[in-house]
Amino acid sequence: MIHEPTGRLDEGALRVLVPRVLAGLVRRGEDFDASEDAVQEALLEAMRTWPEHPPRDPGAWLTTVATRRLVDARRSEAARRRREEATYAEPRPAATDDGDDALFLLFCCCHPDLAPASQVALTLRAVGGLSTREIADAFYVPEATMAQRISRAKRALHGRRLCRPGDLAVVLRVLYLIYTAGHAGRVDLAGEAIRLARQLTLATEEPEARGLLALMLLNHARLPARLDSDGRIVTLDRQDRGRWDRREIAEGVRVLQSALAVQRPGRYQLEAAIAALHDDAASAEETDWPQILAWYDDLVALTDDPVRQDPAAMLGRAVAVGHVLGAAAGLRETDRLREVLGERHRWHAVRGHLHELSGDPSAAAAAYAEAARRATNVAERDHLVRQAARARH
Amino acid sequence: MPKYLLLKHYRGGPEPHHPFPPMDQWEPEDVEAHIAFQRHVSELLKENGEYVDAQALTPARTWVRYGGPDAAPVTTDGPHPETSDLIAGWYMIDVESRERAVDLAAYVSSEPGPGGGPLYEWIDVREVMSDAPRTTDQA
Numbered sequence: 001m002i003h004e005p006t007g008r009l010d011e012g013a014l015r016v017l018v019p020r021v022l023a024g025l026v027r028r029g030e031d032f033d034a035s036e037d038a039v040q041e042a043l044l045e046a047m048r049t050w051p052e053h054p055p056r057d058p059g060a061w062l063t064t065v066a067t068r069r070l071v072d073a074r075r076s077e078a079a080r081r082r083r084e085e086a087t088y089a090e091p092r093p094a095a096t097d098d099g100d101d102a103l104f105l106l107f108c109c110c111h112p113d114l115a116p117a118s119q120v121a122l123t124l125r126a127v128g129g130l131s132t133r134e135i136a137d138a139f140y141v142p143e144a145t146m147a148q149r150i151s152r153a154k155r156a157l158h159g160r161r162l163c164r165p166g167d168l169a170v171v172l173r174v175l176y177l178i179y180t181a182g183h184a185g186r187v188d189l190a191g192e193a194i195r196l197a198r199q200l201t202l203a204t205e206e207p208e209a210r211g212l213l214a215l216m217l218l219n220h221a222r223l224p225a226r227l228d229s230d231g232r233i234v235t236l237d238r239q240d241r242g243r244w245d246r247r248e249i250a251e252g253v254r255v256l257q258s259a260l261a262v263q264r265p266g267r268y269q270l271e272a273a274i275a276a277l278h279d280d281a282a283s284a285e286e287t288d289w290p291q292i293l294a295w296y297d298d299l300v301a302l303t304d305d306p307v308r309q310d311p312a313a314m315l316g317r318a319v320a321v322g323h324v325l326g327a328a329a330g331l332r333e334t335d336r337l338r339e340v341l342g343e344r345h346r347w348h349a350v351r352g353h354l355h356e357l358s359g360d361p362s363a364a365a366a367a368y369a370e371a372a373r374r375a376t377n378v379a380e381r382d383h384l385v386r387q388a389a390r391a392r393h
Numbered sequence: 001m002p003k004y005l006l007l008k009h010y011r012g013g014p015e016p017h018h019p020f021p022p023m024d025q026w027e028p029e030d031v032e033a034h035i036a037f038q039r040h041v042s043e044l045l046k047e048n049g050e051y052v053d054a055q056a057l058t059p060a061r062t063w064v065r066y067g068g069p070d071a072a073p074v075t076t077d078g079p080h081p082e083t084s085d086l087i088a089g090w091y092m093i094d095v096e097s098r099e100r101a102v103d104l105a106a107y108v109s110s111e112p113g114p115g116g117g118p119l120y121e122w123i124d125v126r127e128v129m130s131d132a133p134r135t136t137d138q139a
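Just so you know, the protein sequences line up as chains A and B, in that order.
The numbering of the first sequence is the working numbering, which starts it at 1 and goes up by one.
The numbering of the second sequence is the working numbering, which starts it at 1 and goes up by one.
Bear in mind the hints are in silico, worked out from the structure with no lab data behind them.
Since the model is a prediction, treat every value here as computed from it, not as a measurement.
Check the hints yourself; a few may be wrong.
Taking beta-carbon pairs under 10 Å as the criterion, some of the chain B residues facing chain A (in silico) [unchecked claim]:
(1) K46
(2) D85
(3) G89
(4) P133
Positions of the beta carbon are idealized from the N, C-alpha and C atoms, including for glycine.
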């Protein structure tokens, strides 16, 4: 499994072992920071030696080598301390929690005290097993900057008790952040987020974890149709639905149904239900907009003041209103969001779509042009400029 | 995480907070303090894990355009060199939010000027467009 037929090391299979080995060390009472370094060193050693000398039990091998590194590090640290005549700290007692390794590590990496960028970087390294170089490439920052971000995050965790269960809502948010960061460089972050969410659903019965996995799968299934061969954005209503990944959709629907059966709905389950209805339509015309609107009503009912607390959901709902009750009603819904979202490109893009629906191409063109001026993504800006030009002609 | 350029200008931008002479007329220790502060900003950004790039530009400017088929490029140093904006350099940062970028720009602007007090220089904050393809659909 670790070796491909060519004799090359299968890095993917190697990375799967990381959470188990790291969680084992941290549960034993080792420091998270030092353990993470030790596991990374053990991985490098594995890549060096395994092609020649494959181990019988890869996980045990990594644990042994990482432990040796930890002992070495402690020895030199102890020597330093003796030189400084500092007092010895009592060894920390081993934690006894035996929950799932991935979940345990996700709670460590998504500690609520860390900034989102740090939670993302630490999760990708400690749970995903990606190298600092790969994470840096994925976010287009210098490797030294990402290394610094990771080591600051680890320092922030230093000395904290990491055996208590953490905040699952934060973990879900971090995984979704990784998913929406997309894929760049050598690393498919969306695929990585799906892999981590799958691991998470094995460790917790919480329906929102399955809701998140379903949401990712149901969105990811449309990826092959989302860009044309020239890299241009293709909107949902114009996508070639034959290119959607049916296997991923089927899995997403299955996961979603098992979550909804628990009858504790949350935002990820509701968003996944909306995505499932889009995926289910054989053509744009057959989209079940009344049902989508009903799910949006549930979604915005999750907060007391959705205009301020969840404007993105309100904007999505405005599109559904436009398709069910008419474009004018949809535009009225967007009016309520002007104060909160009026500076964002999405608000103008949705207005462009609704103006088109109402048969007013010149208002649509003006809205798309406004959206293009506010876009923060190159492909989206180009797409909105094209939409404006298309509406004008 | 969004990236921003914090642009410094030799000239141009809004009305300055207070008039100050060009740097070559400052006291040598003020020049040293100013340069040391810029180095310190780069180091701070690196320490924070927010650093992407920092560069300075020479003030000499050449405008170039296509000269047409079989013609040499057309160049000029500009019709209004005294009044147009002239970029002096930048920090590129990768941060959590626009608010963080604005805070860092204000810090850059607090750099010491002649006499050692803050320069209150205007910093132009520009968001860098992301190149990563989105994984969700849009209208």
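Right, here's what the structure says about each hint:
Because the smallest distance between the Cβ of K46 (chain B) and any Cβ of chain A comes to about 6 Å, under 10 Å, the interface hint for this residue holds. Restraint check, D85 (chain B) versus chain A: the minimum CB separation of about 20 Å is more than 10 Å; hint violated. Hint on G89 (chain B) is violated. Least Cβ distance to chain A is approximately 18 Å, over the 10 Å limit. A distance limit of 10 Å between C-beta atoms decides the matter here; for P133 (chain B) the minimum to chain A is near 5 Å, and the interface restraint holds.
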